[in-house]
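Participant: Spelled out, the chains give:
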Amino acid sequence: MSEFEPRIVAFLCHWCTYTGADLAGTTRQQYPPSIRVIHLMCSGAVDSIYVLKALIDGADGVLIGGCHPGDCHYQTGNYKARRRLAILKGILNQMGFTEDRVLLKWISASEGKLFADTVTKMTNDLKKMGPNPMKQLWNA
Amino acid sequence: MAKQTVLKVSEGRPEKAIQGFLKSLLEKEVVEAILVPKGLPSGDGFAQTLIHDPEKMDGMCALSLTMPVQSAKVASHLSIKNLNKKVAAVLKACEIRGIVELAKFLQVKLDNLLLIGVDCPGTFEVSDYSKMVQEGKEGEKLAGEILTGMERGETVAPQGYTFRPACRMCEYPIPKADIHIKLFGYKAEEEVGLEIEEKLGKELEEKGLLSFSGNEPSSRNEVVGKVVAERTKKRDAVFQEFRGIVKDLQSFLDRFSTCIRCHNCMVACPICYCKECVFKTAVFEHEGDQFLRWADRKGGIRMPTDTLIFHLIRMSHMVTSCIGCGLCDSACPSRLPVATLFRSVGEKIQKMFNYVPGRDVNEVPPVATFKEDELKIESGSI
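Chains A and B, in that order, are what the protein sequence lines are. Last residue of the first sequence? That's 140 in this note's numbering, and every number before it is there in order. Last residue of the second sequence? That's 382 in this note's numbering, and every number before it is there in order.
Errors might be hidden in some of the hints.
To be verified - Only pairs whose alpha carbons sit at most 25 Å apart, straight line, appear in this in silico PhoX-like list of lysine-lysine:
| no. | chain 1 | residue 1 | chain 2 | residue 2 |
| --- | --- | --- | --- | --- |
| 1 | B | 207 | B | 3 |
| 2 | A | 128 | B | 298 |
| 3 | A | 135 | B | 247 |
| 4 | B | 348 | A | 53 |
| 5 | B | 207 | A | 128 |
| 6 | B | 298 | A | 135 |
Stated by the list, open to error - Just a few of them, taken from the derived set where beta-carbon distance is under 10 Å, the chain A residues facing chain B:
| no. | residue |
| --- | --- |
| 7 | 25 |
| 8 | 52 |
| 9 | 84 |
Everything labelled a hint here was simulated from the structure, so no lab data went into it. The C-beta atom is built at its ideal place from N, Cα and C for all residues, glycine as well.
Using the sequences provided together with the hints, build the complete structure.
Facilitator: Encoded structure:
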């Protein structure tokens with residue numbers, strides 16, 4: 001059997017992380033092709049519903065990329081994203097789903113290398129974790 | 001300082017004394033109208049009623065033993081658009097806590113609302129109450145027995161019945177209101193307590209409605225403490241039992257396998273105020289191909305779909321403000337423990353932000369604010 005290749009859905013903010021991902025490309029940084037990027041204007045636009053839907057519908061991990069604290073183009077969107085994710089993770093933990101499959105990361109437009117490293121590390125971590133059990137729940 | 005007094009009860013009928021007091025609020029034009037539960041003509045239930053004519057105050061039941069709707073919702077409808085005159089609302093503690101939460105989300109305007117809270121012994125399911133009355137337990141007698149028990153902090157349901165599960169584990173029986181009708185610790189055949197916010201108290205005194213004297217009975221604190229302790233104990237036991245059953249997502253889905261996706265819990269919930277809920281939008285109208293892909297990947301899928309995401313996302317949207325009124329439970333046709341789920345998860349999430357829903361209208365709900373210096377993602381705290 002071939003090795004398990006995790007699939008990551010990434011929600012990236014337009015001003016920082018998406019541009020950072022762009023920089024990773026233009027500077028020829030190498031990282032695994034495990035990521036499917038969804039381009040948003042702000043990490044504050046990521047509702048928990050998108051994260052959970054991705055996990056239930058087949059993603060092995062979800063990456064949310066936003067600007068560093070204080071750098072949000074809309075002032076406070078990243079702080080709100082952080083609270084929202086903390087609530088979702090708290091709920092999942094309470095429901096007994098303790099696997100850490102959602103990563104929030106601050107990556108600026110100049111951090112192409114950090115973006116590539118983040119995706120590489122996340123892919124390796126997910127490989128160790130194995131496929132996401134949530135996507136196989138027949139009655140979800 | 002809030003002002004204290006008592007309403008003298010005659011003929012052993014406290015409900016009459018409360019009616020008289022409410023009537024005087026209308027007669028002396030303290031308020032234009034009063035929202036108060038009214039006994040149904042059939043005698044086997046209650047409905048919230050907006051009363052303008054003081055003469056119609058007879059038959060009102062400040063201590064209604066059911067909660068067919070959450071009056072926080074009613075207060076929202078009443079106050080959100082152009083309420084230009086003062087209206088009083090007679091409410092249970094959880095309804096006031098719901099109003100406080102909705103006010104934070106700008107869904108209730110408190111300017112012209114005068115909140116009258118009543119000590120709450122708990123409520124019965126609407127269907128249970130109706131059955132009790134049909135079995136010959138007269139409503140007023142039933143209320144009388146419960147009131148008598150409240151003096152000692154012992155509220156006992158009639159043989160064969162229980163209070164609603166959410167009420168049995170509600171640790172907030174005492175409302176915070178402009179006018180607080182106090183029953184715990186009072187000998188209801190003789191008097192009920194009244195605590196009125198200072199400025200309003202002065203107004204009522206000037207209008208000759210009542211005079212202030214005396215203190216609450218010395219036993220009241222102890223009685224209330226006993227009730228709260230009992231319910232907290234019950235709550236913790238229920239949480240523990242529930243956490244034993246719902247250990248992971250699969251066991252949750254097993255427990256909730258009879259959920260028919262009717263969304264009644266959402267409709268009944270006072271906190272779910274969105275005009276257009278995402279679960280009613282095209283986001284959850286999947287194409288035929290999509291169902292087939294799911295079925296292909298998993299071998300087969302349960303229809304209708306989206307149970308897990310519905311409950312978890314509804315939770316992530318409103319659980320920080322869940323006041324535990326339990327109307328979701330009462331609304332569930334499959335009798336699922338929705339309130340227990342939301343309360344047991346909510347307890348932990350609310351603690352994360354040191355937030356108690358309904359505590360103070362000046363607090364900001366966790367989903368509407370943030371702190372710069374919290375939840376450090378670098379250290380892996382989320």
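Participant: Determine which of the earlier numbered hints do not hold for this structure and return their numbers in increasing order.
Facilitator: Hints 5, 7 not satisfied by this model.
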